[in-house]
Amino acid sequence: MPDEALHSRLGSLVEGYAPASRETLAAHAVDGVVPAAVVAPDSVESLSATVKMASEQGYTVIPRGGGTKMDFGHPPSRADIVVSLARMNRIVSHEPADQTATAEAGITMAGLQAGLGERGQYLPLDPPHGDAGTLGGVLATNASGVLRTSFGTARDMVIGVRVVQADGTIVKSGGRVVKNVAGYDLNKLYIGSLGTLGILAEVNLKLQPLPAAGRMIIGSMPGISAAAECAFRVLDSEIMPSFLELADPVTHSLLAGEHGADRGNGAGSGDAQDGDAQGGGAQRGDGRRGNDRTAPGFPLIAGMFGPEETVDWQIGECERLLRETGATGVTRLEGDAYRQALESMRAFPAGRLVPRGMQSGVTCRASVTPDEVEALYRLAEERCGRLSVGCGMLSHFASGHVAFVFYGERPFQEADYDGLAGLVEALRTASEQHGAFVVEHAPAALKERVGAWGSSRGNRHLMEMLKYRFDPKGTLNPGRFVDGI
Amino acid sequence: MDKEQLVDRLVAALGRENVIDAPDQLIVYECDGLTIDRNAPHAVVYPTTAEEVAAVVRILHEAGIPFVARGAGTGLSGGSLPPDGGVMIALTKMNRIVEVDFRNQRALVEAGVVNLHLSKEVGRQGYHFVPDPSSQYACTIGGNIAENSGGPHTLKYGVTTNHTLGVEVVLPDGQVTWFGGKADDAVGYDLRGLLIGSEGMLGIVTRAWVKLTRLPQAWRTFLVVFDRVEDASRAVAGVVARGIVPSALEMIDKVAIGAIEAAYHFGFPLDAEAVLIIELEGHEAGLDTQAEAVAAVCGENQARDIRTAEDKKERALLWTSRKRAFGAMGRLSPSYYVQDGVVPRTKIPDIMGVIQTTAEKYGLLIGNVFHAGDGNIHPCIAYDDRDAEQARKTVEASNEILRACVDLGGSITGEHGIGYEKVDLMPLIFDEPDIQAMETVKEVFDERNLSNPGKMFPTNRSCIGCGTAELKYTNRQAALL
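Residue numbers (our numbering), protein chains in the order written: chain B, 1 to 485; chain Z, 1 to 481.
Note that these hints are calculated values from the structure, not bench results. A portion of the hints provided could be inaccurate.
To be verified - Covered by chain B, according to a simulated footprint, are these stretches of chain Z (three or more residues, beta-carbon under 8 Å):
#1 172–186
#2 279–289
#3 308–316
#4 371–385
To be verified - Heads up, simulated EDC-like pairs for lysine to aspartate or glutamate below, C-alpha to C-alpha not over 20 Å straight-line:
#5 K393/Z with E360/Z
#6 K211/Z with E95/B
#7 K211/Z with E238/B
#8 K120/Z with D236/B
#9 K120/Z with E238/B
#10 K211/Z with D236/B
#11 K211/Z with E281/Z
#12 K312/Z with E360/Z
#13 K156/Z with E238/B
#14 K254/Z with D227/Z
#15 K156/Z with D156/B
#16 K156/Z with E95/B
#17 K182/Z with D156/B
#18 K182/Z with E309/B
#19 K52/B with D431/Z
#20 K323/Z with E281/Z
#21 K182/Z with D371/B
#22 K211/Z with D156/B
#23 K313/Z with E281/Z
#24 K182/Z with D236/B
#25 K52/B with E432/Z
#26 K312/Z with E238/B
#27 K473/B with E443/Z
#28 K182/Z with E374/B
#29 K473/B with D156/B
#30 K313/Z with E261/Z
Claimed, not checked - FRET-style restraints, in silico, Cβ to Cβ:
#31 E381/B with E447/Z: 30 to 40 Å
#32 A296/Z with L210/B: 17 to 27 Å
#33 D407/Z with V92/B: 46 to 56 Å
#34 A22/Z with D236/B: 43 to 53 Å
#35 E292/Z with R119/B: 53 to 63 Å
#36 R103/Z with V34/B: 46 to 56 Å
Glycine included, every Cβ here is placed at the ideal spot set by N, Cα and C.
Take the sequences, apply the hints, and build the full model.
Structure below.
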């Protein structure tokens, strides 16, 4: 590879560019594929110029935000230039009275929320990796968190984007107003496309006011059936939960450990690099103390936002339903305990929440209908039991979203892959009846065996054609997405 | 294939009773709610299943004949105006609610199901389908999906795309597939999100899984009376600035009040310059606190009177009056032309000023009934369609208002769509590469350009708006009723 020519071209296009060291390049490897250069444009124009050059010269481009999800999908067929959005991290504008903002894609979610919070608003999107993960990365992977129960996903709050296409052309779709049907809704196409159709540069967002109050109630149910049944009763009631989570008992005790322990400031945050193999939180936190706060059982976790009186009424009503459906214990959280519990739930399954001494190696997400969540969890538990693999689960129940973390006493190795592949295939078959099952973080060799994405359900040709027409040379993230796109 | 052969093949596929081609029967299908231009289709077919839609589309694809899908024909942008020499695929016979799954809070419906029928069907169990366009008593869910329709109550809960999980689609070559499905988050590109709002140009929706939403426990519906439009406009921004998200926030100005009152006798104050309909919904606990905050904002902005809907009946009448406002406008002049633009909600005072100035400049009567909460304006221009000069002024005035929307940071359509009406206004908000990206999508889905051609994309890219201005206003605009 003619690296010198590449470095000199990048140097002329991006201010402050310097060839990266061997170590830096290695640190930017994507599933083991080491790039030739890492560059961080500081404006949409310089991003555009970089991509245009790459396209003309036949280099491939790997967009990168906070680097928290670089192992999503498959290894790229080639990785020449990693384009970091880290320098494009400003809130361009925020109009509180319009409840809209425009931000550059490289801003971290934490930075975005802090900036919006200064004026009493926020983006109601709380995916894992919220500290280091960037807005662009979250959109490219369509990541979501507990708030999807009440606010949906990025596709429900992005009102416009500016995108650098594979040939460097800057295009926009949507606009800056909350209601707009002019033109095709290409925002939707870019969100969740893993940067294969264009690089998100700037995003227009629909915001919400910060709620006056927030509280959580946790019912300890006799089993997952009772927990799911109660969840359905909550959904069918006049309660409008802001989130409604089903967690397995071990995961919950770990969550409780994080919020129950008096760890002071910074609990549940801080180690946001891809820490899947670390299991650090559990080691640091005192799980037992949290566990003592609620009776053992299968937890159902409901949260309410809004005006104080409304939140109080709903928490009371929720407690009544929990007790009616057999809760053996009910815990209410507010204030700091509530905030810390929410933060630790948001971090799942980023990897900290595995029991002390365990090593997490694989996280997955399933999308099913709510009434399939219980069976899917039982299937996972049963298959994991046979393999002696630990299984953590957190489900955003109302949307049928289930996040799994699979863990063992040591990092997963080649010898474990047969069993894990069988596990994934079983869960995928069950999920794909109506939905999907995606392997998110996993060793590349395991992803290669089972496929990260699963089935595109008869739409492969359309997706391949869209990719081909938007990126005929295969410049952007080649090979990482579904069906080899 | 000549017309006779075509009709024979359609009849063979669907049966004689599901094909019409007699000129006198086709008149109904010449246009939708936008009557400024008309075009009779060669034939109209009424398939009853997705397979029948696919069979028809395969015939047309093979023969290279363009087609357009149609629901109830209530669209206001000419989205279902038949293409030249084309066939119309009417989905009104596909009107079954196939499955209601209360446990998972979703329903499988055919494209021709009337929007309000679904909400009525699930209402007894305490649910509804949120998107509620003013035409909801007639319009179909398939049409809502094609246009990504809104309505007064989408301020809080979002528009059609936010309530649609998956769509069964007949692609322009006749293949049948699903984008999304019963569960959320399908793998790969979000073809579901791309298709919704694509105005029937990427395929024909035959069935959809849509979300059902629990009806709220309580409502507070207010009619707030103002002596100045500016005060009402400022109250809108003020409510939102307080962190209150009403479920609906509508404005009606003096011209429209007069028309509505004459038609429905709700008791609107005829001397008011503007009224706001503000609806809060949620839990009984805390709702009055929010109501007090809303009242305070209105008071600060010189509201003359705040009336509360006393009961369900009064609330229903208030909303009926609002939703049938355009029909009532028909009393003021032989014709009227409803526009659809968007501004950031803080710019409502500015755009209302522009509308007034424009009305005076052209000597036209313009009434306003609109979704103030999301800045989605609907100026309704009264004119006489027999007067060519007035018709021309109407279009010019309307384009001037839309340009002002764009200058204020807004858009040329919030819920009616580009359709046929606004093709030549697209360059006001999109540059050539933006439009090319959309055309690329169109080519991927519909290589032969058969599915609703002639919509969305500008015909004359060097002259913004000149295509629309040349249209002849010879037909009376059909009232929505």
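A quick look at each hint next to the structure:
1. 172–186: Coverage by chain B holds here, the residue count being 9 at a Cβ distance below 8 Å.
2. 279–289: Holds: 7 residues of the stretch 279–289 of chain Z have a Cβ under 8 Å from chain B.
3. 308–316: violated (count 0)
4. 371–385: Contact hint for the stretch 371–385 of chain Z vs chain B: holds, 4 residues under 8 Å.
5. K393/Z with E360/Z: holds (12 Å)
6. K211/Z with E95/B: violated (31 Å)
7. K211/Z with E238/B: Holds, at about 17 Å.
8. K120/Z with D236/B: Satisfied, since the Cα-Cα distance of roughly 17 Å is no more than 20 Å.
9. K120/Z with E238/B: Cα-Cα ~19 Å, so holds.
10. K211/Z with D236/B: Answer holds: K211/Z to D236/B is near 13 Å, not above 20 Å.
11. K211/Z with E281/Z: Cα-Cα ~19 Å, so holds.
12. K312/Z with E360/Z: violated (40 Å)
13. K156/Z with E238/B: Distance of about 17 Å is within 20 Å: holds.
14. K254/Z with D227/Z: holds (10 Å)
15. K156/Z with D156/B: holds (12 Å)
16. K156/Z with E95/B: Holds, at about 18 Å.
17. K182/Z with D156/B: Holds. K182/Z to D156/B sits at ~18 Å (cutoff 20 Å).
18. K182/Z with E309/B: Violated. K182/Z to E309/B sits at ~35 Å, over the 20 Å cutoff.
19. K52/B with D431/Z: holds (19 Å)
20. K323/Z with E281/Z: holds (19 Å)
21. K182/Z with D371/B: holds (12 Å)
22. K211/Z with D156/B: holds (14 Å)
23. K313/Z with E281/Z: holds (16 Å)
24. K182/Z with D236/B: This hinted pair holds, its Cα atoms lying about 19 Å apart.
25. K52/B with E432/Z: Judged against 20 Å, a Cα distance of about 18 Å means the pair holds.
26. K312/Z with E238/B: holds (18 Å)
27. K473/B with E443/Z: Status holds; Cα separation ~18 Å.
28. K182/Z with E374/B: holds (17 Å)
29. K473/B with D156/B: violated (31 Å)
30. K313/Z with E261/Z: holds (17 Å)
31. E381/B with E447/Z: 30 to 40 Å: With a Cβ separation near 48 Å, E381/B and E447/Z fall outside 30 to 40 Å, so the hint is violated.
32. A296/Z with L210/B: 17 to 27 Å: This hint holds: roughly 20 Å between Cβ atoms.
33. D407/Z with V92/B: 46 to 56 Å: At 19 Å between Cβs, range violated.
34. A22/Z with D236/B: 43 to 53 Å: With Cβ atoms ~51 Å apart, the hint holds.
35. E292/Z with R119/B: 53 to 63 Å: With Cβ atoms ~24 Å apart, the hint is violated.
36. R103/Z with V34/B: 46 to 56 Å: Given range 46 to 56 Å: holds, Cβ gap about 50 Å.
Hint compliance for this structure: hints 3, 6, 12, 18, 29, 31, 33, 35 are broken, all remaining hints hold.
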